[in-house]
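Now for the letters of each chain:
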Amino acid sequence: MTPLAVFGLAVAAFAVHLSGAGVHPHEMAAHRGAPTRIVADRRIGPYVASVWTDPEVGSGPMYVMLEAADGHTFTSPSSVRVGVVPVSGRLSEVLHDAHSEPVRRGGRFMTEVSFDRAELWNLRVLIASTSGGGQLTAQVEAKPNASFGPFALVLSSLPFLIVAGVWWRAAVARRRISALS
Amino acid sequence: MTTAQSPVAISSHVDPAGQSFAERLNGPWHERSLQVFMGIVLAHWAEHLAQAYQVYVLHWPLANARGVLGLWFPWLVRSEALHYGYALVMLVGLWILRSGFVGSAHTWWMVAFWIQFWHHIEHALLQGQVIVGQNLFGSPVPMSLAQLVIPRLELHLIYNTIVFIPMVIAMYRHLVPPEAERAQMRCTCAGQPRLAAA
Numbered sequence: 563m564t565p566l567a568v569f570g571l572a573v574a575a576f577a578v579h580l581s582g583a584g585v586h587p588h589e590m591a592a593h594r595g596a597p598t599r600i601v602a603d604r605r606i607g608p609y610v611a612s613v614w615t616d617p618e619v620g621s622g623p624m625y626v627m628l629e630a631a632d633g634h635t636f637t638s639p640s641s642v643r644v645g646v647v648p649v650s651g652r653l654s655e656v657l658h659d660a661h662s663e664p665v666r667r668g669g670r671f672m673t674e675v676s677f678d679r680a681e682l683w684n685l686r687v688l689i690a691s692t693s694g695g696g697q698l699t700a701q702v703e704a705k706p707n708a709s710f711g712p713f714a715l716v717l718s719s720l721p722f723l724i725v726a727g728v729w730w731r732a733a734v735a736r737r738r739i740s741a742l743s
Numbered sequence: 015m016t017t018a019q020s021p022v023a024i025s026s027h028v029d030p031a032g033q034s035f036a037e038r039l040n041g042p043w044h045e046r047s048l049q050v051f052m053g054i055v056l057a058h059w060a061e062h063l064a065q066a067y068q069v070y071v072l073h074w075p076l077a078n079a080r081g082v083l084g085l086w087f088p089w090l091v092r093s094e095a096l097h098y099g100y101a102l103v104m105l106v107g108l109w110i111l112r113s114g115f116v117g118s119a120h121t122w123w124m125v126a127f128w129i130q131f132w133h134h135i136e137h138a139l140l141q142g143q144v145i146v147g148q149n150l151f152g153s154p155v156p157m158s159l160a161q162l163v164i165p166r167l168e169l170h171l172i173y174n175t176i177v178f179i180p181m182v183i184a185m186y187r188h189l190v191p192p193e194a195e196r197a198q199m200r201c202t203c204a205g206q207p208r209l210a211a212a
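One line per chain: the protein sequences are A and B, in this order.
The opening residue of the first sequence carries number 563 in my numbering; numbering runs sequentially from there.
The opening residue of the second sequence carries number 15 in my numbering; numbering runs sequentially from there.
Be aware that a few hints might be false.
Claimed, not checked - Rough simulated footprint, nothing fancy, chain A against chain B, three-plus residues with beta-carbon under 8 Å:
id : stretch
1  : 42-48
2  : 66-76
3  : 99-110
4  : 149-155
To be verified - Going by beta-carbon spacing under 8 Å, a handful of chain B positions derived as facing chain A:
id : residue
5  : 35
6  : 81
7  : 83
By construction, these hints were calculated from the structure, which means they are not laboratory data.
Just so you know, even glycine gets a beta-carbon here, dropped at the ideal spot from N, CA and C.
This is chain B alone, in the form it adopts within the complex (with noise of 0.2 Å):
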């Protein structure tokens, strides 16, 4: 494969000197980076679990199954404030790890971000309808989009499965990719590229 690249010639280009905190955080702190944001989201996956396993196998009435956060700090639930956290750390995370991703991973990666964009502009609508004082569509409390479609607190667990599917997959192509595509990536997220043949 003639595009392949030497070890030499990749320690080099993941050398961090002289690189941005963008560039490090795409290219040598790439896969570390991706760890943390992967751990964020299952941690999030974990609360809803949680919660499922409050409602389901313990009984609990739906208004006391708050997670495990939510135990603690209730107010994070009530508020709010913990779900629209995580929105935007989400939303932040696939863009600012967008750079690493190359080829077909970063397509599907951008798939994410741009579901998760739209998440946050039904959030804006929500917040706008706060800010304004006025609700669309005569509601008596403000309303997004989706919630038109879908008027129920499932919503939030299908914007969350929609925009992990993509992600997962772009994770996937991106820690086993095709050849071509290994040989374009600049972190070390698939592990030491293959020597070139002599």
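Here chain A stands alone, though its shape is the one from the complex (with noise of 0.2 Å):
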């Protein structure tokens, strides 16, 4: 394969990729952590709830995915609503109004919720629908964003230390060649 080719595949490849996230730009974020499930198939109402969140320190998303529990047509909910309060009891409940995503099939409801420390939470999902409604709780642990730490400088700074030691290593061995011929 030719550098032209290689070149032209590499373009169209970016070119797709930027479509992709010009569109959904939320749902390309290959580099800020996926959402992981703490609540699995819950029955809430006439709903199943799956609940996702990423739940590091700061702010994070937090999704609702809704599926009509059995005997029952799915009907978008009128809110979702998602408290958080730390155990501890430090803070007040927060709720946050979760706005609903287009998906195929069932309801995907989305709100940003904050985690100021990291320590343990009571979330709370609240569904209201012509169709009945009720709530969730469970608990999820708030981690730092970061779990390198300030060790990340440390990593970060390595590459630009071994790049140094093979140049001078290989500027060793040039003079030493030069030397010989």
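Please assemble the complex out of the two chains, which come individually in their own frames, going by the hints.
Printed below as a string of structure tokens:
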């Protein structure tokens, strides 16, 4: 494959990537950490709910995925709210309204929640709809937003030291070669 | 050493006349090409170093710590264009500069290439989920396979590290090659080869 063909393929791949990222900017967040499921298939009224979040300190996404429970037809809820409060009780509960996102089946509701400290939090999801509603509770542990911590500074510095070392070793070898030739 | 070539033989081998672009990139232009490539790699690491500095020394919130380019062009970081563009440059660079490497250096270089290739399979999986409109594993957002094991932003740093390590080993083996490998090299990366013993 010629360099020109490789370059053409790369430009095409980049264009496809940009088009996808432009349509769904938050969905292409390959480098922001993926959410994990903290509640799986829990029954709430006429729904079966799963909750996904990326529980890092700071602001993080909270997704409530809904499907119709057996014997029910899915009707979109009138409101989905997510409440978070530290288990320690040092803060009062904050409720967030989740907005609906387009999906092919069932419903997906998303909101941003804040965890100001790495600790255990109580989570409450409240669902209201014309065909019934309810709430579910769970607990989630917020984690530091970069688990490498200050070690990331060291890790990010290492490549420069390594390349400098290789460059120095190569320079020594080159001088030796020049002296011999 | 019987396989060593004379300076005359080397200089005629390195002469770009009659060579294709790919052959020049892996022959007389290999040294300069690798310098440019490594400059890009280090620029990317410099962005991560800047981000780490912003978070841990300047104590900026993570959302505001966008490195240097991200300060002026925030959309680059938000849209992932910078990350993906860099991953593409890495893949292209590793591929088109591969044949300049010989022996063990070539092996290590190709290890880096295949890891980067897998990194792209992961990106293709993410892209495919956006295009098809259906996410894997019932996730609310597109998921890659590695994210199942490491569902955090450190995955990006890990990928770059495990590509960088074999790449830098290859560079070392290429710049300071064993004599047998030096004799097979068509570029000037390791300096002028030693004169053959009379």
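Verification of the supplied hints:
Interface restraint, the stretch 42-48 of chain B with chain A: violated (0 residues with C-beta to C-beta distance below 8 Å; minimum three). Only when three residues or more bring their CB closer than 8 Å to a CB of chain A does the claim for the stretch 66-76 of chain B stand; here the count is 7, and the claim holds. Coverage of the stretch 99-110 of chain B by chain A holds. Counting CB-CB distances below 8 Å, 7 residues qualify, and the rule asks for three or more. Residues of the stretch 149-155 of chain B lying with their CB closer than 8 Å to a CB of chain A number 4, which satisfies the three-residue condition for coverage.
Checking residue 35(B) against chain A: minimum C-beta separation of about 6 Å stays under 8 Å; hint holds. With a least beta-carbon distance of about 10 Å to chain A, the hint placing residue 81(B) at the interface is violated under the 8 Å criterion. Using the Cβ-Cβ criterion of 8 Å, the hint placing residue 83(B) at the interface with chain A is not satisfied: the shortest such distance is roughly 14 Å.
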